[in-house]
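Spelled out, the chains give:
Number of protein chains: 2
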Amino acid sequence: MIVCELISVGTELLLGEITNTNARFLAEQMAAMGIAVERQCTVGDNPARLREDFLAAWERSGIVILTGGLGPTADDITKEVICEALGLTLEADAFQMGRIEAFFRQRGLPMGESNRKQAMVPAGCVVLPNENGTAPGCWIQKDGKCAALLPGPPREMQPLFLSELKPRLAAYASGVIVSHHLRTIGLGESRMAELAQDYLDLANPTVAPYAKDAESYLRVSAAAPTQAEAEALCRPILKKLKEILGEAAYSVDKSLEQTVIDLLRASKQTVALAESCTGGGIAARLTDVPGASDVFGWGVVSYSNDCKQALLGVQGATLARHGAVSAECAREMAQGILTRSGADFGLAVTGIAGPGSDGTAKEVGLIYLAVADRNVVLARKLETGRNDREYNRIAAAKQALALLRELLLTQQP
Amino acid sequence: MIVCELISVGTELLLGEITNTNARFLAEQMAAMGIAVERQCTVGDNPARLREDFLAAWERSGIVILTGGLGPTADDITKEVICEALGLTLEADAFQMGRIEAFFRQRGLPMGESNRKQAMVPAGCVVLPNENGTAPGCWIQKDGKCAALLPGPPREMQPLFLSELKPRLAAYASGVIVSHHLRTIGLGESRMAELAQDYLDLANPTVAPYAKDAESYLRVSAAAPTQAEAEALCRPILKKLKEILGEAAYSVDKSLEQTVIDLLRASKQTVALAESCTGGGIAARLTDVPGASDVFGWGVVSYSNDCKQALLGVQGATLARHGAVSAECAREMAQGILTRSGADFGLAVTGIAGPGSDGTAKEVGLIYLAVADRNVVLARKLETGRNDREYNRIAAAKQALALLRELLLTQQP
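Sequence order for the protein chains is A and B. At position 99 of the first sequence the residue is numbered 91 (our numbering), and the sequence of numbers has no breaks. At position 38 of the second sequence the residue is numbered 30 (our numbering), and the sequence of numbers has no breaks.
Some hints could be false.
One copy or two, either will do: identical chains are not told apart, so a pair holds if it fits within one copy or between any two.
Derived lysine to any residue pairs resembling SDA-like cross-links, with alpha carbons at most 25 angstroms apart [stated by the list, open to error]: (1) Lys204 / Ala94; (2) Lys204 / Met89; (3) Lys354 / Arg91; (4) Lys158 / Ser53; (5) Lys134 / Pro102; (6) Lys260 / Ala309; (7) Lys137 / Glu76; (8) Lys260 / Gln403; (9) Lys134 / Ser106; (10) Lys137 / Ala24; (11) Lys373 / Phe96.
What the hints contain is simulated information worked out from the structure, not anything from laboratory work.
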């Protein structure tokens, strides 16, 4: 098995200003390809230390992947240091120079001399075009080994890795590991793990529970010589786990937003939103998915009571008697947006995200959800018991989508 | 200045199963104490590699902090390897043995022989009690250097570091490092760096540019014996950089959302939102900030044209002539939400986030922003040049908030 080392370059990492998510992403990708990552290290924007660590990694392993330090400024040193260490020269790449010039022209921004530095590449390397920024990646092969230089920002690095580097690394892979996530909502991690208990000691595939942002997953991972064989190992286990977990298991690998959008699209229906404590968070989640406009056209963020009355038709008497955080208000919000929009479903959330309460005796973490169609209005109370604004907003958004999913499932033939 | 290295131990990190948040936490803590972290590395549960990396770090630096590998199972090897490398023996600690026995008794769990391993500590070390788990930390002093062993789970490691290790490290701290971020929007990283060029070679404070999610920052970091002295070093540099960068520098350390909310609150004004391509993302950003309800009450996510007409009063003729992605539509959206809501400002966004276009010849990444108050309506065109839905949505949301800020600043006395 070929051995790989990862080097993250950037003083901001050593100062603890950002979390190193690149190391995790790359480690996960390499593991899935059956390439062993034996070490990961982080160095600052310091030529001597980067040189020392790179040469040690190059000596020990067959593949070295570096991220960061490809930017336009003087403290971006990765290309220069690696070239010097490997005895290569830097040369201008005409294609990259043209791309960088076009990038600035399109944005109407002045192009600084420093940006030309980004078009310099190690002589003889394969230039990996970066569709999401000005720093291209580089793929260097020398003495039967290879080094890859990737940009530091994750939204540039990840697509560049997947489209350009991964196919080149595949030649070094010794098998595959396939992982799937059976995603559940509403059960909680411990209950999910109890139900799946008989499967948690399997060797291949392995089954492991974990919790993330108000959902719980079971990760099913299989190792095999080929993708097809690994998939064949996972399939029967996923099927059994789905049976055991029932309706709470809403998808394999697919997000809750995508799951709800697919159910709506398949039945040619639409949803409109009326959000209070989630403050646009449900709309933002749905519209993160390309093509959301097929099933979503109307949203109201009624953060104030006058907006709830004016745009959603919530009754003043309801607000006076029950308050804005009540099942009654949630129902009227859901019916209001349903009627105004002409959508097939109206989905509403009102609650107290915290840190402060709403001036009543109601507890932080108290949330009411409601979903309406032309026949019924369902309301549900959620008490997270947490004074954590971010968690409460995420949990409210996800539980609202889960409630809509439940109503959609009752329509299934 | 004393130099420190961090070593994270755990195969799960090299497989990419978890993100290394310990490295960031420790790096941030050390930076704040004025102890320079020069390297961080991650190794698996492999004795030979851990030994090699530990000895290299011990040779190079005065402080080595290791996290992970203190658990009860056979693959937890950190104590054994470090003892062997430093020529120390492992011995049972009677107090720890009692604590571990009590831990299991209290929970009514059977205590395995393997758990006794957790009460073994390097001879002569200071045992650091772990209030949140069974693995104690260790503080080893030898040859004028020190090594600390901490448990891997963050919720055990962090409190143990703060209560037991940080006070001991304070003796090695040569002062404090204070960092501030001068945040800019609209300039781009290279242009910002060029304007600030005269300051990028300073030694103390240092000034370093970086880019994040459609914004650019200058990090100003000063080292000094005390917090007050470090702040005093940063202050004049931040002031000069603000003058040089002008209005584009919107805050020191404060998010754009918070900056806009503070400006609105100070002038007792409110904003209402009309969002198309950002799909609720601006509302979600504003309402992430506790107390946003002081300045925000009304939002409409008009993802469809009929919603734009019905809730915002956009003219059918405007949509027919210019399309939904046009300056004209953005203006009418901003004026529409201003009028409906009675807020002081109406802020609107319409654009093409991608990956597909909108059926016209318009390019993905084309976005129109508009802000209205009772006197003026300003519209602005933004072309990101990227086919990256997530980036386009973030850039549109941030540029919209920046546009509102510009109008707010014109009101300043």
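Hint check:
1. Lys204 / Ala94: between (41 angstroms within a copy, 21 angstroms between copies)
2. Lys204 / Met89: between (43 angstroms within a copy, 23 angstroms between copies)
3. Lys354 / Arg91: between (57 angstroms within a copy, 21 angstroms between copies)
4. Lys158 / Ser53: within (18 angstroms within a copy, 36 angstroms between copies)
5. Lys134 / Pro102: neither (37 angstroms within a copy, 56 angstroms between copies)
6. Lys260 / Ala309: Answer is neither; intra-copy 36 angstroms and inter-copy 28 angstroms both fail.
7. Lys137 / Glu76: within (17 angstroms within a copy, 33 angstroms between copies)
8. Lys260 / Gln403: within (12 angstroms within a copy, 48 angstroms between copies)
9. Lys134 / Ser106: Result: close neither inside a copy nor across copies, 28 angstroms intra and 47 angstroms inter.
10. Lys137 / Ala24: within (20 angstroms within a copy, 40 angstroms between copies)
11. Lys373 / Phe96: For Lys373 and Phe96, only the inter-copy Cα distance (16 angstroms) is at most 25 angstroms; the intra-copy one is 51 angstroms.
Consistency note: the structure conflicts with the earlier hints numbered 5, 6 and 9.
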